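With chain A fixed as given, assemble chain B onto it according to the hints.
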Amino acid sequence: MSSTAETATHHLALQVEDLHVSYGPKRAVDGVSLEINEGEIFGLLGPNGAGKTSTLSAIEGLLRPDSGSIRIGDVDAAANPTAAKARMGVQLQSTSFQSNLTIREIVRLYAGLYGVPLSRAEIEDLLADIHLGEEASKRFSQLSGGQQKRVSLLIATIHNPPLVLLDEPTAGLDPQARRQLWHRIERLRDTGRSILLTTHSMEEAQAVCHRVAIIDHGKLLTVDTPAGLIEKHKDDPRVRKVAHGQVTLDDVFIGLTGSELRD
Amino acid sequence: MSSQTSAPPVHPPTLSGILRALLEADFTVQLRNGRALTLTFLLPLVLLYGLSAGKRRAQLGGPIVDVALALTLGIASIAILGYTASVARDRELGVFQRLRVTPAPTWTIMLSRLAVQIVSMLVMSVVVLVAAAVVENVTLDPAAYLLTLLAVIFSSAVFLGVGQALVGLIKSPDAVNAVGRLSYLPLFALGLFAHSTIFGTTFETIARWSPGGAVVTLLAGAMQPAAWSADTWWALLASVFYAVVFAGIGIRWFQWSTR
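Residue numbers (the numbering used here), protein chains in the order written: chain A, 1 to 263; chain B, 1 to 259.
It is worth saying that the hints were derived from the structure and are not from the lab.
Every value quoted in this text rests on a predicted model; they were computed, and no experiment measured them.
In this text, a Cβ means the ideal position worked out from N, Cα and C, and glycines have one as well.
Some hints could be false.
What the hints assert, rightly or not - Derived lysine to aspartate or glutamate pairs resembling DMTMM-like cross-links, with alpha carbons at most 25 angstroms apart:
#, chain 1, residue 1, chain 2, residue 2
1, A, K234, A, E260
2, A, K138, B, E24
3, A, K232, A, E17
4, A, K26, A, E168
5, A, K138, B, E204
6, A, K241, A, D216
7, A, K219, A, D66
8, A, K26, B, E24
9, A, K219, A, E168
Claimed, not checked - Pair ranges (Cβ atoms, derived):
#, chain 1, residue 1, chain 2, residue 2, range
10, A, E122, B, L15, 41 to 51 angstroms
11, A, P117, B, V119, 37 to 47 angstroms
12, A, D18, B, L42, 55 to 65 angstroms
13, A, P117, B, Q255, 40 to 50 angstroms
14, B, Q255, A, T225, 37 to 47 angstroms
15, A, D74, B, W234, 49 to 59 angstroms
16, A, D224, B, K171, 56 to 66 angstroms
One chain only, chain A, in its complex shape (with noise of 0.2 angstroms):
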């Protein structure tokens, strides 16, 4: 590798090149390159069966691509999944903890299990820090919603990963909620974390991103800017057929992908 290339590798906290996934004969992810700039924060937009959960599930280890690679920050994930996990932090689309335990002992869990040992008091300050300080001795079920993907936003940045993973962070929350969640995302953001998040909402895409890729039937469509998306492709007729005035990026969206529902 060049020493030009070396550079360019050391500045990128997430580096997927012509990734592939299947399931028995069914291609899930068909050939999805991406990289993620250090502090930047890139959306996914697909719609339902697109291939989004598929190539995060890939980079969260939870399932072994076909082929491809995978490199977080200078870690190769193959290689070295133990340290590609210990870099990453991950909030999953459902996600659930142990039914017994209390929110100060899951946070204790997996504080320990990314090596970052936490007293009662530190974990305290945490959850007062998300408003769940009154919250701290019940059971996960007991939480709301928006309570559960603050707890599993907490969970996911516990030991300040370099690059956080998000699969639809603000589905089913109200309005309030998701400004709320969007607001720490842009936290993570500016203390230097780099987000790769998941959404079928074109507003999240627009107020949090920097940079969105379209995917549908497991190929990046397109990648740019939200308002470059637009620029890029205001012109194309499937998107001109759709859009009732001034081009959003939901036309693009819907002009890229077809109106057709998905399961």
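Frame of chain A; chain B shown alone:
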């Protein structure tokens, strides 16, 4: 956009730290599970008391076999009802997937779960052996107690293997629960007649070589080291065979997620 600072360096966790965190959480869960505690202690004690009070106890093999049967029931209950239920439920909830995205190697996640079950079995065994001394007047010399606890660990492999096979072959927690209950009785009940000719010698032979029967013979042999015989060695070999086969099936087909 706000000014950015660099993300701090990452220090990978140590294996001992990972295991400590998992064990602490799994022991807490086990202690809070009332049903598991009931299965752990109540059932074998009830059986021990029932056998000691029964009129046909001699036909089942005598006091040593009574204690071995109580231990076998405790081990089978913890493994087939407790362990399988908790694994199936946590898998359905996505608990394992959440753990798998951490740096914890997958074997540590299972090792911690199994260690908690084995410790529960050992605690149950101590309680049953104390009760046996009180109820049955069965007291052993120190070496025999140690050998019995070693045999309990061996026996746990048989029933934890069966439990692993159940959660490996069946995904739904409800189905795991139902099949666990259905298979638990014959697995244990056959062991009841491993040392009895009440139903004839053919049935005794079948019972003796069943998983429950092999475990009862092994435990009874461990409690009487002086009487350790070829039968005990064969029971040990049979236990190893069952443990390897069932655990092999369970590991081969186990899936971390139901989705």
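Here is what the structure says about each hint:
1. About 20 angstroms separates the Cα atoms of A/K234 and A/E260, which keeps this hinted pair within 25 angstroms; it holds.
2. A C-alpha spacing of about 18 angstroms is found between A/K138 and B/E24, which places the hinted pair at or below 25 angstroms, so the restraint holds.
3. Only pairs whose Cα atoms come within 25 angstroms are accepted, and A/K232 paired with A/E17 is accepted, the gap being roughly 24 angstroms.
4. For the proposed pair A/K26 and A/E168, the alpha carbon gap of about 23 angstroms is at most 25 angstroms, so the pair holds.
5. In summary, the hint linking A/K138 to B/E204 is not supported, as the alpha carbons are separated by about 52 angstroms, beyond the 25 angstroms threshold.
6. A C-alpha spacing of about 19 angstroms is found between A/K241 and A/D216, which places the hinted pair at or below 25 angstroms, so the restraint holds.
7. A C-alpha spacing of about 15 angstroms is found between A/K219 and A/D66, which places the hinted pair at or below 25 angstroms, so the restraint holds.
8. The straight-line distance between the Cα atoms of A/K26 and B/E24 is roughly 41 angstroms, outside the 25 angstroms bound, and the hint therefore fails.
9. Restraint check: the Cα-Cα separation between A/K219 and A/E168 comes to about 19 angstroms, which is no more than 25 angstroms; the hinted pair holds.
10. For the hinted restraint 41 to 51 angstroms between A/E122 and B/L15, the CB-CB distance of approximately 23 angstroms leaves it violated.
11. With their beta carbons about 23 angstroms apart, A/P117 and B/V119 fall outside the hinted range of 37 to 47 angstroms.
12. With their beta carbons about 58 angstroms apart, A/D18 and B/L42 fall inside the hinted range of 55 to 65 angstroms.
13. A hinted range of 40 to 50 angstroms for the beta carbons of A/P117 and B/Q255 is inconsistent with their spacing of about 32 angstroms.
14. The given range of 37 to 47 angstroms is respected by B/Q255 and A/T225, whose C-beta atoms sit roughly 40 angstroms from each other.
15. Distance hint check: the CB atoms of A/D74 and B/W234 are about 57 angstroms apart, consistent with the given range 49 to 59 angstroms.
16. The hint said 56 to 66 angstroms for the Cβ distance between A/D224 and B/K171, and at roughly 41 angstroms that hint is violated.
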